[in-house]
Structure formats: C-alpha cells, structure tokens
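Colleague: What follows is the residue order along each chain.
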Amino acid sequence: MQARLPRLWAWLIGPEREPHPPPEWVFRPIVGIVALLVSLVLFMTPAALLGFGSWIILAVEVYEDRRALRLPYFWWSSAVGTFGPLVFLMYVQNRRETLANMRPQTAAELPQAAWYADPLGRARLRWWDGSGWTRDVAG
Amino acid sequence: MGREIEAYGARVRVRRPLAVVGLTVVTLGVYGVVWYYRVNVELRDFGGAYRDRRLAGSSPRRSALAVAPGIVLLVPPIVSLARFVGRVRRAQRYGRSELTSGWLVAVLALALVFLPAITGYVQSTLNELWRRYAAASSSPATDTVSEAELAAAPAPQPGAAVA
Numbered sequence: 001m002q003a004r005l006p007r008l009w010a011w012l013i014g015p016e017r018e019p020h021p022p023p024e025w026v027f028r029p030i031v032g033i034v035a036l037l038v039s040l041v042l043f044m045t046p047a048a049l050l051g052f053g054s055w056i057i058l059a060v061e062v063y064e065d066r067r068a069l070r071l072p073y074f075w076w077s078s079a080v081g082t083f084g085p086l087v088f089l090m091y092v093q094n095r096r097e098t099l100a101n102m103r104p105q106t107a108a109e110l111p112q113a114a115w116y117a118d119p120l121g122r123a124r125l126r127w128w129d130g131s132g133w134t135r136d137v138a139g
Numbered sequence: 001m002g003r004e005i006e007a008y009g010a011r012v013r014v015r016r017p018l019a020v021v022g023l024t025v026v027t028l029g030v031y032g033v034v035w036y037y038r039v040n041v042e043l044r045d046f047g048g049a050y051r052d053r054r055l056a057g058s059s060p061r062r063s064a065l066a067v068a069p070g071i072v073l074l075v076p077p078i079v080s081l082a083r084f085v086g087r088v089r090r091a092q093r094y095g096r097s098e099l100t101s102g103w104l105v106a107v108l109a110l111a112l113v114f115l116p117a118i119t120g121y122v123q124s125t126l127n128e129l130w131r132r133y134a135a136a137s138s139s140p141a142t143d144t145v146s147e148a149e150l151a152a153a154p155a156p157q158p159g160a161a162v163a
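Taken in order, these protein sequences are the chains called A and B. Take 1 as the starting number for the first sequence in the numbering used here and just add one per residue. Take 1 as the starting number for the second sequence in the numbering used here and just add one per residue.
Treat the hints as calculated values from the structure; they're not laboratory data. All the given hints hold, so there is nothing to weed out.
So, partial list: chain B residues that the calculated Cβ filter (under 8 Å) puts toward chain A:
{"no.": "1", "residue": "Ala155"}
{"no.": "2", "residue": "Gln157"}
{"no.": "3", "residue": "Pro158"}
Here are the simulated distance ranges between beta carbons:
{"no.": "4", "chain 1": "A", "residue 1": "Met44", "chain 2": "B", "residue 2": "Trp103", "range": "22 to 32 Å"}
{"no.": "5", "chain 1": "B", "residue 1": "Ala148", "chain 2": "A", "residue 2": "Ala3", "range": "27 to 37 Å"}
{"no.": "6", "chain 1": "B", "residue 1": "Ala106", "chain 2": "A", "residue 2": "Arg135", "range": "36 to 46 Å"}
{"no.": "7", "chain 1": "A", "residue 1": "Glu24", "chain 2": "B", "residue 2": "Val113", "range": "28 to 38 Å"}
{"no.": "8", "chain 1": "A", "residue 1": "Leu86", "chain 2": "B", "residue 2": "Arg89", "range": "19 to 29 Å"}
{"no.": "9", "chain 1": "B", "residue 1": "Ala106", "chain 2": "A", "residue 2": "Ile30", "range": "16 to 26 Å"}
{"no.": "10", "chain 1": "A", "residue 1": "Ile57", "chain 2": "B", "residue 2": "Arg89", "range": "25 to 35 Å"}
{"no.": "11", "chain 1": "B", "residue 1": "Trp103", "chain 2": "A", "residue 2": "Asp136", "range": "40 to 50 Å"}
{"no.": "12", "chain 1": "A", "residue 1": "Gly53", "chain 2": "B", "residue 2": "Arg3", "range": "34 to 44 Å"}
{"no.": "13", "chain 1": "B", "residue 1": "Leu115", "chain 2": "A", "residue 2": "Trp9", "range": "27 to 37 Å"}
{"no.": "14", "chain 1": "A", "residue 1": "Leu5", "chain 2": "B", "residue 2": "Ala106", "range": "33 to 43 Å"}
{"no.": "15", "chain 1": "A", "residue 1": "Pro19", "chain 2": "B", "residue 2": "Val72", "range": "37 to 47 Å"}
{"no.": "16", "chain 1": "B", "residue 1": "Gln157", "chain 2": "A", "residue 2": "Leu37", "range": "36 to 46 Å"}
{"no.": "17", "chain 1": "A", "residue 1": "Leu37", "chain 2": "B", "residue 2": "Gly22", "range": "29 to 39 Å"}
Glycine included, C-beta positions come from ideal geometry on N, C-alpha and C.
All chains, please: the whole structure from these sequences, using the hints.
Modeller: And the structure:
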C-alpha cells in the first residue's frame with residue numbers, strides 16, 4: 001500500500017520537472033500593489049471573476065520562486081492563492097528578509113576564533129577558527 | 001510523531017506540517033496547544049544552547065496557559081502568539097534559515113477558519129531550521145567528521161564563546 005501511493009502520486013502529477021524561477025522584478029512591492037488595484041477594479045465590474053486571475057498568477061509565481069529557492073512551497077503559494085495580492089506583498093517583504101538572513105556571512109561579520117558549543121552535537125565544545133569549524137573538540 | 005534530532009545540543013523534532021494541522025483539527029485544538037507547548041520547549045532549549053537569554057528565559061508552560069485557558073480573555077493568546085513568532089524568528093536567525101512571517105500568521109489568525117494552519121506553517125519553517133542541523137550531524141562517528149559536515153554547520157553567534 002505504501003509503495004502504491006507514491007506511484008499513484010507520480011502518475012497523477014507527472015515526472016519531476018526543473019523549477020522555472022520568475023524574473024526578480026516580479027517580487028517588487030509595486031507588482032503586488034498593481035495586482036491589488038487591478039483585482040479591486042475588476043471586482044466592481046460585471047467581469048468580477050476575472051479579478052481572481054491576478055491572485056492565481058501571483059500564486060503560481062510564488063510557487064515557482066520557492067521551488068527555485070528550494071524552500072517549502074505549499075504554505076505561501078496556498079496563502080497567496082487564497083488571500084490575494086495583500087498576502088503577496090507580505091511574501092515580498094518576507095522573501096527579502098529571508099534572503100538576507102540566508103546569505104553567507106562576510107569575513108567581517110563572522111565571530112572571533114574561540115571555543116563554542118558544538119553545533120554538530122558530538123562534543124561539548126568545538127573550535128571555531130574565525131572562518132569555519134575545525135575538528136578540534138573538547139568535553 | 002516526527003523525527004527527533006539534535007540541534008546545537010537541543011533535542012528538537014521535525015514533524016509533518018499537514019499531520020500537525022490534521023491532528024489539531026481532529027482533536028478540536030487540543031493537539032494545537034500540546035504542539036505549542038512542545039515547540040516552545042524546543043525553542044527554550046535551543047536558546048539555552050546558544051546562551052540566548054530571551055529564548056532560554058521563556059516559559060513554555062505560561063505560553064500554553066495563555067492560549068488554552070487564556071483564550072477567553074482574547075488578549076493573552078494574541079500577545080503570546082506575537083512573542084512566540086518573535087522567538088521563532090530569533091531562532092531562525094541563529095540557523096540562517098527561512099524566517100517565519102508574522103504577517104502571514106496574523107492573517108491566518110484573523111481568518112479564524114485558518115487558525116489550525118498556523119501550526120502547519122510555523123512547523124514547516126521550523127523544519128527548515130532543524131534540518132540544517134540534522135544535515136550537519138547525520139554521521140554517527142565523532143572523529144571522522146567531513147569537511148562538508150563542518151561547512152554545513154551554522155556559524156556561532158559572536159557573544160556565545162565559552163572560553
């Protein structure tokens with residue numbers, strides 16, 4: 001049974017494909033603001049359903065972006081598809097913060113050489129030489 | 001439920017986000033409170049390993065009380081949730097992983113139907129953080145740590161030197 005489920009899932013969604021990251025300009029706040037205005041205007045017309053078009057497009061862009069960044073894509077793309085451009089604006093802000101948090105530290109930002117708690121959990125302390133962890137452990 | 005790993009000396013658990021949401025819904029929120037307590041314990045222990053007073057000084061029991069009996073007062077769960085997201089983001093800054101969005105948590109909390117989804121979303125971002133440590137400590141041998149494992153381990157915080 002457990003082996004059948006992944007096979008059924010693979011049959012349903014097809015083979016794994018490469019991510020197609022959207023261009024960087026898509027994740028500027030102005031894109032979310034324009035999408036919000038467009039959907040609001042469309043909601044006031046007889047073609048109100050078209051207002052959800054921008055929601056779907058933004059959700060797909062978020063999905064592709066997160067796949068390209070190798071981050072979980074379910075929560076953000078679902079939230080943008082459900083709540084629309086306002087949540088997309090939140091995503092844009094969170095994305096900027098996240099990318100800044102995940103970027104490698106420069107040499108000036110790295111802590112000084114010293115003994116620190118072992119991040120690998122194999123010893124009590126491990127030596128940090130100012131640029132990286134070493135094999136020297138204590139405790 | 002989930003896989004227990006060691007992150008910088010703290011015992012933490014990688015859980016399936018959709019299972020967390022499902023259990024919260026099925027148990028009418030009871031599992032959500034249990035999850036909230038357990039994750040707060042993990043964050044406290046993680047903060048203790050990093051010698052972070054704000055994380056290590058948090059009280060998981062008080063946090064759980066704020067969202068369970070405290071929900072009748074409305075304000076305690078909101079304050080507790082806001083502080084909780086702040087602690088999660090603080091831990092994620094140590095691990096240099098994706099940051100949880102407080103705005104998205106607020107949207108999910110305001111749309112009451114999606115309240116259980118908060119557990120899944122936060123657990124999903126925490127999994128990303130814990131997996132960074134799991135990848136760094138996957139090999140069992142102490143003296144044969146590889147260059148890749150050393151490189152994958154997050155850098156220490158400037159004020160956390162022991163000697």
